[in-house]
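Whole structure, please, built from the sequences with the hints as guidance.
Protein chains in written order, with our numbering: chain P, 3 to 679; chain G, 1453 to 1724; chain W, 2 to 576.
Since the hints were derived computationally from the structure, they do not count as laboratory data. There's no promise every hint is true.
Label pairs and their in silico Cβ distance ranges [what the hints assert, rightly or not]:
hint, chain 1, residue 1, chain 2, residue 2, range
1, G, C1712, W, S527, 52 to 62 Å
2, P, I101, W, R576, 30 to 40 Å
3, G, L1662, P, D86, 36 to 46 Å
4, G, D1621, P, I56, 44 to 54 Å
Distance condition first, Cα-Cα at most 20 Å in a straight line; then the derived EDC-like pairs of lysine to aspartate or glutamate [claimed, not checked]:
hint, chain 1, residue 1, chain 2, residue 2
5, G, K1510, W, D442
6, W, K319, W, D301
7, P, K13, W, E515
8, G, K1694, P, E18
9, G, K1694, W, D425
10, P, K172, P, E140
11, P, K13, G, E1590
12, P, K97, G, E1586
13, P, K579, P, D593
14, W, K228, W, D217
15, G, K1510, P, E18
16, P, K100, G, E1590
17, P, K97, W, D442
Calculated Cβ distances over 10 Å to all of chain P for the following chain G residues [stated by the list, open to error]:
hint, residue
18, L1472
19, L1485
20, L1508
21, L1517
22, C1526
23, V1554
24, I1576
25, F1595
26, S1620
27, S1629
28, H1643
29, N1663
Even glycine gets a Cβ: it sits at the ideal position worked out from N, Cα and C.
The lines below spell out each chain.
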Amino acid sequence: MTDPLQQFDWKSSSYERPGDAWVCGRACAGAPCRLGPSADGECSVRSQCTPEKIGDRYRCTRSVLYGGKCADGPNPDGTCCQADESCQPAMSLMKRRKIAGVICASISLAVCLILFSDSTPLTLVSPGKVTSAHAALEANCTACHVAGEAHSGLLSNAFLSRNSLADSEKCLKCHQDIGDAPWAPHSVAGHLLAESTANAAVSSNSFGVSGKPGGYVHSGQQLACATCHQEHHGRSFDLAELSDQQCQTCHKTQFDDFAHGHPEFENFPHETRPNIYFDHARHINAYFAAVDLPSQTLDKDSLTACSTCHQQDAAGGMMLTADFQHTCAGCHESQIVDLPFPGVPFFAVTQVAEDSDTEQDEVSVYGQWPVTESSLRQMPPVMSLLVHGDTAGIGSLSMTPELIWQCKELLLRVRNVGEVALAERVPESHSLLHGILCELAPLLITVSSSWFPGLRDELAAHTAEQPLPNFPDVATPEHQAMPPVRGWYISDGDRTIRYRPVAHADPVLRRLLDYLVPRIGQESVSTELVELFTALSNPSGSGEIHRSGPLATGRCLSCHTTSTDRDGTLRVNWNTKVLGDYFAFTRFRHDPHTQIDVANSCLTCHQILNDQQQLDFYRPEYFRRDELGLWQPQPETSCPLTSGLGPVKRSHCASCHNESTASHGCLECHNYHVHGP
Amino acid sequence: MTHFVRRRITGLTLVVVLSLLLTAATRLMEDNLLRPRTWLGWVLVVIVLFLASYRLRKQLAMLPLGASAAWLQCHIYVGLLSAPVFLLHTGARWPGGGIEVVTAVLFLTVFCTGILGLFLTRMIPPRLTDRGEEVIRERIPVFIRILREEAEASVAGAKNAAPSEVLSDVYLNHLHSFFQRPKNFVSHVFHSTKPRTALLNALDDTRRFLNTQHEQTMEQLAACVRRKDDLDYQYAMQSLLKYWLFLHVPLTWGLVVFTCSHVVTAMAFTSR
Amino acid sequence: MSQASVNQSSMDRPRRWDMPFSQEAGHDSVLTDADIDSLLANDAFSRIDPAGFKRSVPLREILRNDVRIVDFEQGDVIVRQGDWGSSAFFVLSGAVRVELDRGDDASSDLIQGRQKKPRKTFFRSLAQLWQNNHHAEFRNPDAKQSVSGNLRSVGGVTRVYISDVSAVIEQHKTARMDAGHWFGELAALGRTPRVATVFADETSTLLEIRWQGLRDILRFDRDQGLKKYIEDVFRERAMASLLRTERLFADISDQEMADLMPHCRLETFGEYDTAKPFRELSGENAGSVKNEPLIAEQGDYPNAVFLIRSGVARLSQKHHAGRHTVGYLNPGRVFGLREVLQGFRSGRSTGYEARLSAIGYLNAVVIPASIVEDLLRSGAISDPEDSCRPAVHATHDAVDENLLNFLVDGKYVQGTETMVIDMDRCTRCDDCVRACATTHDNNPRFIRHGPVSVRHMVANACMHCLDPVCMIECPTGAIHRETLGGLVLINDQTCIGCAQCASNCPFDAIRMVETRNASGAILVDSKNAPILEATKCDLCHDQPGGPACQRACPHDALERIDLQSLSELEGVIAR
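Okay, structure coming up:
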């Protein structure tokens, strides 16, 4: 074994000082001096001196530690004669590493300071590309970031301010159709959202907001855009993509996916209150199947085909119901129009009430009043309203001489100024009736001439209190019980102006119902009109009530349902229900689905019910036959009606929209940003 | 099971468990629209600062701040944990912005050099112990000089013997530069003994031209070559053990600076 | 020395008395025959029979060469408590005072100019970060001057003296010793620290004899008068307390102790000669098991139990042509009890299981087996196996024979804070050295090199040995033991840079350094020779956290290990 290279004794080996910054320059040559450089990096060896000038000679000043004065002394020119034996100290590894660290830190600091200086475009700080839709804005950071505005301190933006709503305002500059309450959940104001939740055909416990979503909610439950939409993830990033779990972060009812746990559709459209009472089940199973089908326009096959009545809209999303003419008219038109119904009198020369006090000749009292045998005994309600000009529930329908004169004045006035005379008599609250009155006016003008030829003179004489002139009697044709025409009809036989509903969608009846239905049960409703309504409901159409028979207005309402509006008023549903009346939380397009199996596709989801009991339960009960067999209107208008269709089952949907087709995300069918009705 | 093995298993288990927990927490936060990236970013900042503080602890060796070995264990395992946290924070996607790219590059480089350092510090010391005399790296040039002088003295010959021209030639051609300074760094890093064998063969080849005395001199020379080669090995391996830190530590400074800028820009523009 | 003498193949054999004691360590006087005659006339030596002495070691020569006469002025400190000395004193004329106070009240530290360095607080420790001097080995020149007020030179010797003796006597309990008394002999023979400070009460003349001389007198004095005296004194002063500290004898009654003591002997084995540096001698003997002084041979009839008092002994067993080292003993351990016990219980005795040999030097209390058997019989020793500390054996595979031999041969088993570095884990990062420097004003106190056994290096850092040979011959006591058995520290202010400790340390733990002033220039004395000081590891005794090196190693490679048993080492290796 050779001698080891190292010797450990104190004479041969001094301390190593790895923490020092400098090492002897001769170390790499293998001959470092024992003392090493000073801490400042100077070699400790001082073999040379700095000669001191004394007079004109130089003196060696070498320290005794390094040998003292040298024998030769300084050169004549004042330089030291000795060779410089010092080394150039080298940096230790530790110092080199520290310098490398300082250099690295300095470069990084410099780069960062340059990046953050005002003269550097802010786009250099961008963390990534924006989506292609926003790419045009990419060069302008302030388009989206409040923090990007000039003189907006980076540090204060980083740690002091909360910019989410201010930034969201910037989003709205382009995205203006978010809704009225863009920071509210679903962009719908809180109270409206609550209402919608109540209206949703689901049990009340679902879809309640569970709590603060995402921590990005300020007071008042405000959600900034950035809560869900994060940019700067590249050109093809989908900003609107959110996972099902993220949607559920707000909702109380939480579930795994569409097929497992999503709330059932709660009997849609089975329990959805349709606008037109049409029980698919009864019709298809009972009526259409009957041998003696009364339809005049459609054959049996057409009747049972869904597409006969339901067509897609232009956009292909919704199924619209065709109008009456193309659907129900084939069977029901005749029901509406073909009943012998003499019509409802709006104006009648009624028989005057016997007054024992009066003994005078009637003619001298009230002049011409061409009553016939068939004349009505009481004034029709509308006439009473017009003649009295007062809706304070007079209800008196008996004709008196005073009323006759008022009637004649009315007629003259109408002849003079037209329907204005009638409109004056109707209070503001009955302005809906003006449409009817416009149609009545010309007829009144006609009868004022035909039945009251000397009207002008008579009234003039009455006004002057002079004796009334004589006028020849007006001819009285035979009274026809059933007017030959529909609509307005002047019936000379009983001296009435009658109206007989024309057909489906009769305008007069419609206007009347639009007026009356909202006022059911209210005090402001005119008694006369209620009686008119009752009269219209009177099957005999004689103007006399309490007679059984087919009804006109009731027939409207036997197919058209009523609904309560958002503000509580009742209204008649004249049209079929169209989606879009509500907030568009859900979107559904029929056309991709109907393509699958065109012939039977409707029945896949919309099954016709067969259960007879169910059918009976859901009869319309807006009118109920009383003990006399008369239809009486019911104050309760929220009777459940049914379309006769079974509920669309979620399982039907889930049979395609499930994990294997990966088309079962929340956003597949639901919208977050819901635009108002 | 030794203490070290137990420690390793505990550390790795903790890292795995924490990674899984963090992944689950991230998922939960994402589902709740809580933007976990920000929170994870802060976790990463704390991790980076903690890892960087090891350097500080080394400077404060005089204070009772806990054993450096314990700190190193924490440094290693927290460093390993930083990788899944980094992946979660970036969403396993390469970042798009300038600052972010530089920060990511710095982080990954520091991380990889850390892993490299871990391997080196565990693999090299036993190899050093097995070969050659245990010398302090800073003194190796001194020992090389001693060996060089010894070799040159052998070649120059004993006082009363003529030196061998063959050996002088071999020395000048092959050994002179060999004995100047530490050599064959790369070969030693890859544990190749080719240079050593080549030199020894060069010496051995002269055997047929030498007399007995010169043969003895040649053996002495060969012994010097072996020892010098061992010193080179020590030098190369010990240098590796120091050089890897030249990447790991200075880049950490840069990483800290860039992390701060990234934090400031992210927090300023994150619309919270 | 001339050129010729370097190359000459023969030289005069160095002899024991080449350097008389009277001329050693700064003293410069010669004992004349007249001096020796007067000594022989003194009571101390008059009864010694010169005829018993060997011809090569006659009494006169012992007196001439191993003795010196030293004068002390009033107040001069003769020995300091805690010092390690190797000489005994006899008061020829005058009087001395022995300080009886122990512990914190002792004035010893103040007397000898030692300022106890308090442990730094957290913030003081932190302040080292910026307060450390960046020049190497900075010393404040003013600090030294303040202490030197209590130092004076006498010839070549530096003496510490007490300026106000009466004050010390008033404040502290002392005992006065007049002429005719010995002191310090136990410490000299037993290589234990001085138990008390002794200073001159008045102008006195003392005889100082180094321990070799004392040993020879004790050995060859047929009359055994001095030996008896010393042993009596030992028994009177120290033996009982020593024995009492042993668990083995903890339960015996005072009467039994009094019966036991006359039979116990205090023996020394092995030798060392202060004429040559200790290291050279130990280097000669290193590793040679065969040459170690024998105490008890394997297989011999167990007629005594050995209680090691100071030094280290090796336990070895014969194995083919050599010996297996199976263990070692250090102070407080007992050899031979198991064999005696076995013999006592079974009625048949077996020989010593292993050979006991002294590594360098050993001091032991030898208790005859019959006494031990009596105590066992009477039940005074209740639980022998539990209460005695047997030899240290390697119980774990971790410490294999190689390592054990390495530790024992190199005498590293002395160490209470041996720095062991696992080279398979050490990355040579020097964090340990840097940490050491940080805690010592930027000056490291050890070097990361040292002898290696396979994968473990014992670095050259102070091991704070149980038996610190470095402390022998420190002229000023600058290198001292903090408390009995505590850390070995160097007092900067009183170190004069004589390099005795550095030369003596067998483990190259002490290094001499050039000191510098605040601007980095080397401090020089009036002759422009650099002022050196001895430095070594002080185990960071003034730092709040303990040894910085161990705490600073990132790879669990460096440990400070107490080798008084192998459990710590085994625990470290088995991690």
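Hint check:
no.	hint	in the structure
1	G/C1712 / W/S527: 52 to 62 Å	holds, 58 Å
2	P/I101 / W/R576: 30 to 40 Å	holds, 37 Å
3	G/L1662 / P/D86: 36 to 46 Å	holds, 45 Å
4	G/D1621 / P/I56: 44 to 54 Å	violated, 59 Å
5	G/K1510 / W/D442	holds, 16 Å
6	W/K319 / W/D301	holds, 13 Å
7	P/K13 / W/E515	holds, 12 Å
8	G/K1694 / P/E18	holds, 16 Å
9	G/K1694 / W/D425	holds, 16 Å
10	P/K172 / P/E140	holds, 14 Å
11	P/K13 / G/E1590	holds, 18 Å
12	P/K97 / G/E1586	violated, 25 Å
13	P/K579 / P/D593	holds, 19 Å
14	W/K228 / W/D217	holds, 10 Å
15	G/K1510 / P/E18	holds, 18 Å
16	P/K100 / G/E1590	holds, 18 Å
17	P/K97 / W/D442	holds, 19 Å
18	L1472	holds, 19 Å
19	L1485	violated, 3 Å
20	L1508	holds, 13 Å
21	L1517	holds, 18 Å
22	C1526	holds, 22 Å
23	V1554	violated, 8 Å
24	I1576	holds, 17 Å
25	F1595	violated, 4 Å
26	S1620	holds, 22 Å
27	S1629	holds, 14 Å
28	H1643	holds, 22 Å
29	N1663	holds, 23 Å
Hint compliance for this structure: hints 4, 12, 19, 23, 25 are broken, all remaining hints hold.
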